[in-house]
Amino acid sequence: MRFFGRLMFVLTVLLFAGLASSSSFAKAVKVGVVLPMTGPIASFGQSDWKGIKIAASLKPTVLNGRKLKLILLDNKGDKVETANAVSRLIFKNKVSAVIGAVASGNTLSGAPIAEKAHVPMVTPASTNPLVTKGKKFISRVCFIDPFQGKVAAKYVYNNLHARTAAVIVDMAQDYSVGLARFFIKAFKKMGGKIVGNTFIQTGDQDFSAQIAVVKAHHPDVIYMPTYYQELALFARQARQFGLKQTIMAGDGASEEALIKVGGKAVEGLSFTNHFDPKAAVTPLGKKFVKLYRAKYHEDPSAMAALGADAYFVVANAINRAGSTNRIKINKAIRATKGFKGVTGIITLVNGDPVKSAVIQKVKDGKFVYVTTVNP
Amino acid sequence: MNKKRNSLLTIASIVALFLFLWYASAHFNKYSIRILNDIAIFMMLAVSYNLINGVTGQFSLEPNGFTAIGAYVSSLLTLTAAQKHAMFIIVPMIHPLDTLHLPFLAALIVGGLVTALVGFILAFPVFRVRGDYLAIVTLGFGLVIRVFSNNAISVTNGPLGLKGIGAYTNLWWSWGWAVFSLIVIMRLVNSGYGRAMKAIRDDEDAAIAMGINSFKIKMIAFVTSAFFEGVAGGLLAHLITTISPTLFTFFLTFNLLIIIVVGGLGSMTGTVIATVMVVWGSELLRVVDQPMHLFSFTIPGVPGMRMILFSVLLIVIMLFAREGIMGQKEFSWNGFLNFLRHRKQK
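If you're matching them up, the sequences are chains A and B in order.
The first sequence: position 270 = 390 (this note's numbering), numbered continuously.
The second sequence: position 141 = 143 (this note's numbering), numbered continuously.
What the hints contain is simulated information worked out from the structure, not anything from laboratory work.
Treat the hints with care, since some could be wrong.
What the hints assert, rightly or not - Subject to a maximum C-alpha distance of 30 Å in a straight line, what follows is the list of computed BS3-like cross-link-like pairs (lysine-lysine): (1) A:K147 - A:K189; (2) A:K255 - B:K86; (3) A:K150 - A:K457; (4) A:K187 - B:K32; (5) A:K308 - B:K86; (6) A:K448 - B:K32; (7) B:K32 - A:K212; (8) B:K86 - A:K256; (9) B:K86 - A:K451.
Please build the complete structure, drawing on both the sequences and the hints.
Right under this line is the structure:
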């Protein structure tokens, strides 16, 4: 028995020694990351995290050599979990800043906690305009939905010379309903006319009713801001029924599966996006793409690039703030001006970036870069 | 004698609970307080869901729809006209709604009543079917609510959702309502109505043959459960201060279903235990997601590990306690005291 007691004692001492050695990097600057690593939108969170990890390997330290330590918490793509995670990071881990979340609804539930505790929060991919509205500590590095809708309207009006458009909305997706509304607003303002507005549901297989509506109105272009699955199926059926108009979509189209399912039918399909690896203009962007390809053997998605940008903006701000004081860091984040990030040159105005969007297109079974639209 | 002692013990434990909350609200950090609030709200949701699903035995999948209605109604009522005006940027809000404003408690109760009304109307088509068909009909109802909240933009602000809802929910509101709903539902279950509900669960045809008006009894369970789910929705909205259609997907119902099955279908105290386990447990398990340093080894964190561990735990519980933690039994003071006495004798 005495032997056992002694053994326990030694083990306990060793355990504490082990724990102590891990906390000897106490000087590290802690930044929390809240992403959907599991759940229905996990693929977005996973991509974001890949981008953040590459960014961290490119720039691992801040404030002259202090390590930037990332604490990743999973929010399962859920509002309640996001609020819990953000509050855990702030009140338990005492982080200097928070990066996250992805879906706007989730970010909105974490934001009031950060705002109240005066902790800066930078979201990589929440495009809902309400996320930063009226907030002093919430910023983002992606453009907002009204801007994406406007870019699409501008492109079809000026470059495709479309004057009439049919809009097809996935009414089960908040993303789709919002984006379509902003497109319609912008397109009408420019002098265009919406001639058919019809709806689908996520998971629909048969689009003949919608195709009939579109066909009856002979629009110049079809705007369909839905996810890739429905887009691909719709395109196939539309081409069969002889619809030849260009289909314009949003960043939800940016997935290889679009081409796999759509095949020839999606040739010429264009969409707005945050980032194109071929259009990476900044030195940081080029370096990021190279490193990303070397590590993961694939092109970085827009999500990964945005995740990296969120990291870089935070790290850069900590350096400019010259301390780990949360309020000073937030001031520096909000004052970000002309920062040469991965997805372009970022200037924050009231927490929203003023930056360009890219237009991509399917050509010969590949996504190709068409043009960059500046704000 | 026993009855009097038991009610005294119950009252004493409620007092003890509130003393603990009083201590917690002053000394715990905001993160722990948030978890306590989550537990109370999910307890309320799960207990009222268990009334219809476990006690009455109607396999219904409606809570996400009912919670959504309660959350939307009460938060639209507590938001001020100026806030609504600033938020509805796609389409302005339709008239009377944009200027309506009520204090928190009134908004919660109105939210609950509207949900109960919807439950009342819904019951007519829903209870024409039984079993699996009932599940499908109520599942469809949840989808309808979701599509409505996404597309009725002039009422719900559509996909943008509502934000800036006052953070009125604190420990007193959430636990006050949770304890209140628990008492009401336990009293209902232990009344003649409750026995009729259990009779319907065990054999609906036999219950009807015994003269039980099965439609009326099911209606009582459904409307009660709708009312409390609506109020819980309101509390949830005022805790996380933002709602949008994505909050009320089938996953919400699914979580509640896990809670009531783990706790024991039909057992309210089992539901309470399971809620604490599921809500607090999933936060505790976050540790396994993090990279761990032991001696000089580093175990890299695998995000999602806690979900795997959680699933394993669920499987173990279901294997060894097939009817859930409590089965159909309830915690009772008699049983508890007997258990203590028994141990002493040993």
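Verification of the supplied hints:
1. A:K147 - A:K189: Distance ~10 Å between K147 (chain A) and K189 (chain A) Cα, so the pair holds.
2. A:K255 - B:K86: holds, 16 Å
3. A:K150 - A:K457: holds, 24 Å
4. A:K187 - B:K32: Measuring from Cα to Cα gives roughly 28 Å; hence the hint holds.
5. A:K308 - B:K86: The hint holds at about 25 Å.
6. A:K448 - B:K32: This hinted pair holds, its Cα atoms lying about 23 Å apart.
7. B:K32 - A:K212: holds, 9 Å
8. B:K86 - A:K256: holds, 20 Å
9. B:K86 - A:K451: holds, 29 Å
Hint check: no violations occur; every hint is consistent with the structure.
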